[in-house]
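J.: What follows is the residue order along each chain.
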Amino acid sequence: MITFILNDQPISTEASPGSVVLDFIRNDAGLKGTKEACREGDCGACTIMVGELIDDDTIEYHSVNSCLLPLGQMNGKHVVTIEGINHAELNPLQQAFVDEGATQCGFCTPGFIMSLTAYFLSSDSINYNDAITAVDGNICRCTGYASIQRAIARVCQLLLKDITGDKLNALISHKIIPTYFKQIPAKLNELNAHNQTDIQPVDISQEIVAGGTDLFVQRPDDLIDKDVRFLSSEPGLTDIWQDDKFCYIGAGVKIETIRNSDIVRKQIPKIDDYFRLFASTPIRNQATLGGNLVNASPIGDTTIFFLALNVRIGIANENEKREFKLKDFYVSYKKLNKKAIDIVEYLKLPLLSSQHKFNFEKVAKRTYLDIASVNSAVSIRADANIIQEVHLSAGGVSPIPLYLAESANYLVGREVNPQTVRGVCRVADAEIAPISDVRGSEIYKRLLLRQLIFAHFINLFPDNVNLESLYRFTENEIH
Amino acid sequence: MSIKNKDTILHVQGKSQFIDDQIVPEGTLYAAVVSSSIAHGKILKIDDEEARKINGIVCILTASDVPGQNQIGNIIKDETLLAENDVHYIGQPIAVILATDAFTARKAAKKINIRYEAFPAVFDPREAYKNGSLIAPERTFSCGNIDDAWRKCDVIVEGRVESGGQEHLYLETQGAFAIPMEHGKLKVFSSTQSPTIVQKTIAGILNILMHKIEVDVLRLGGGFGGKEDQATAWACMAALGVWKTGKPVKLVLRRHDDLRMTGKRHPYSSDFKIGLTNDYKIVAYEAMFYQNAGAAADLSTAILERTLFHTTNSYFIPNVKATAASCKTNLPPNTAFRGFGSPQAMFVIESAIHKAAEKMGVDSSIIQHINLLNEGDEFPFGMTYKSKTAHECWDNAQELYHVNEIINEIKVFNEQNSAVKKGMALMPICFGISFTTTFLNQASALVHVYSDGSVGISTAAVEMGQGVNTKIRQTAARVFSIDIERVFIETTNTTRIANTSPTAASSAADLNGNATRIACEQILCRLRTFALEQLKQPDASKIDFRDETIFYNNQPTALTWEILIGQAYINRQNLSAHAHYATPAIFFDRATEKGNAFAYHVCGTAISKVTLDCLRGTYTIDAVKIVHDGGTSINELIDRGQIEGALVQGIGWLTMEEVLYDEAGILLSNTFSAYKIPDIQFTPTDISIHFLESDETNLGVFNSKAIGEPPFMYAIGTYFALINAIKAFNPNVHIKYDAPMTPEKALLSLYSA
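Chains as they are written, first to last, in the working numbering: chain G, 1 to 479; chain U, 1 to 753.
Don't read these hints as lab results, they were simulated from the structure.
Beta carbons are placed, not taken as given, at the ideal position from N, Cα and C, and that holds for glycine.
If a hint is listed, it holds; no wrong ones were tucked in.
Sample of chain G residues facing chain U (criterion: CB under 10 Å; computed from the structure):
hint, residue
1, Gln-104
2, Val-217
3, Leu-452
4, Phe-454
With these hints in hand, go ahead and build the complete structure from the sequences.
T.: Put into structure tokens, the structure is as follows:
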């Protein structure tokens, strides 16, 4: 039995935990405002909000793609569809969309409205750029977005002044959300559906689901009649903490939570910008670190990011706990150094010193919400321009997320200058084995990785290296 | 302030209904489609034994279940609904599964095993051409004397141009819902731009008369041409399912199937030869277009024809020879997509100009400007250009957007930056309005004035977000001079409006708006006579309808719209009208390839500005600034939305949208995640639109102009702006005119020798 609140209605359902919320709200609940358009979290037409109690009277709301959201994870939550924010009259957000002509065929529109509503509910302050980021998971084929930008600007302007302090009440008074939202915390408490248990041993007959954002893309109709075990809400997996040497990120932590974590930001000040390049806001709100690592995509942004931070991965089963370097987790294509009964518990990052420099690069057809052609990360500790320690990773160039060990070896002890950078590019080129596919040809991926390695050094050592100095060495190498 | 599209109020609340949102009757069956997994071959055996064992399967339909003609070809009868013996592309429908729920239908579809004998497949249009595999005989438009003309040229440049396909990616996938009615009738709800084509094709499939089929269209979640001809098959399958089972049948494609099974914008491979004199006048232009039609005709021949009509874009060229061949390949039949073959043609002439400019050491804009159409110039197909707006838009853009300053800024920026370069380009457009198939240029409207003064209108136009219904509402409200809230536009329904032309060719507002205008005028004419009687006044010319009040001799009378209509009804006046409109004075003779094919032309000029990251090969579109001749716009909010939307769709076609097949003909860009279209962060930072002020008259409603397609072609400028930025970094680059300019091609060009 799954128990939650859908808009203002309590729901108890025997529907399959492995079915997705989109199908429940459209078919079982008969709410047709949430649209299905891609069923892979890449268009945002099915965006809804999910609210979760963080204490007795506060709910945190996030936008999520309901097409990839397992119903079994909704226990004790507040699920909000477009119908759940409608008033008798249009609210100011809806009115702005109408006035600016920001909706044409209308199929994508409820998704945009829900992403923005979640943004207004979840953000500490309101500004135009963040509001645009909030719709990074919403695709519109009709408008060309200019009118949507105008509508967003208008509503941000309206809310900007007023949304402080008691935000929920302020949003209610602006009619962005209906008044019933005030009663939801008490109702969720009554549901008492949170039956948290400690991490249970893995039963290998079960389908293990973390965020599910890739599993439900790959096997959409497959999990409905399966016995599904959800990891992401298990306590012990969802924290970020640190001691004097390491920072730990639980495997169940959501990607967006990492992006917003003060602990992680202290290590990687630009994490906010880097993680904005990963998937979209609603996907980051649902996808977990552990899911991303175990998925073992050769192009996984999170994996490539952490590989260059020299992290260790902690995995466990009923009988033993193991911890080893993340780079040793990947054996061959989608094959892991992990038994079926193991689950990933955490990643452990060595704290970075002030001498450490870190950079992440990603190039895809589209900057946001796209899978990289090639991505790469590097962390370097240099002393007087002599490289002391370096970790370099690259995605999209090998069957596994690649830790470029030989390239790192080559760099240690060398001075940062154009010659060194060119040299490491040659080593890296010999270390990779990209294939031609929908994300690019082999020759492109080779060239692109070279350029991204250039970019690492140009970004981190602008006084030593620039494109002109590198280009002088490399012209005529490619034809 | 512009009148709002009434539907938008529903959209923002999630209340607007699409096919998949309709509440279905109990007992409705759900369909899933089984399609070919090979590009060319013969079906040896369809093994459905496993599938039939699944609980909930009702029936499995194949070609042998079709009672009438197994044929969905529109222009040419060359396409089966369900494959008979041979298959010609991956995704070609072979069987339809009907089950009690959609999940079961999909599950069963996976269990159908089909054995094939594979034949060689062709995917390249030039190879198909060489093999003589054409959809129809090739066609040539020409004027002047091309052979003599080359001798008069000082500079001659030749080249090859490629342009890629484009997936429509309407957010609402293809779908239909059919229900059985009395007397063997069927009612079909279809997400189609062409209700009558759906009706007629089902009639053929089921071997029944057209009056037995009622097609109803409420709205489309995007069409863009993708539902002009290719919505038909799914409606036919649903109808066939109803015919077989007597139960309602719903068929809505999942995205993956939609992408795999439906055709896209035609890829073209083309050769050009252009000759100029030293004063930059284009003297001669020759082009050969190889259109990749896919495995069946669909609308390819009509699209090919429009390619020929727009061979010279906005330019006057005295000697032209353009030949086009629709080449048959083993891809899904490619189909209509905003621009309908004209973007491909314009991209070739712009490439030719760019290459000529490079050879002559000037900017393309010099050649573009000198050769722009003047009033009285003749197109290669014999029609005279009767407007001044091509030059007016260009000149306005130069002034309004300070083009010389932009050029200077970019020059300075590029001198100061080595790793980032900027580029710009101008793009004039000229697009002919009318279906080039003359008979389609007709529409009708049915207008009812109800006894309470409210108005209900049916037309052939299909609303798909482009705002056509709003323009029709405005037209009626304007003719009657009543509050627009009195006017409601009904669904598009073949029992109310027969013989509908597709909502396509940017012409729906013109055709259906004019039909509505005429119908309203007919009613108004009767009301004038009636009002004159009521007012006991003698002079009909002194009656005036203004803001819901009837005026006589410029004085308001006691008669309001509501009172007048109430009395008219009591006095047995006819308050309904059906009117037909056919665009006057257009004709085209395919024997001579000459004629007045278009009602009028739409012109404009765009300036595109881009920034290229020369380290990573990525780019941003900084600005597109447009001066557009939209006539006297009925609704600037809608027209602005159409320009912005078309532009960004065009930018997608030329930049990141890449339709990719592998060597076996399997679609690689087969998901939303593998086929990228512009998002809110990629859209140009600045889209400026200025509507040209012009007092020219035309055949649009109240002198407005068609808006849907023309602005798509402004995007071609962004391609050349990117090329110019690449050249700023790598002057030695050998430019391949090969769209889209993906970040991959950009990076490889930046570092090519």
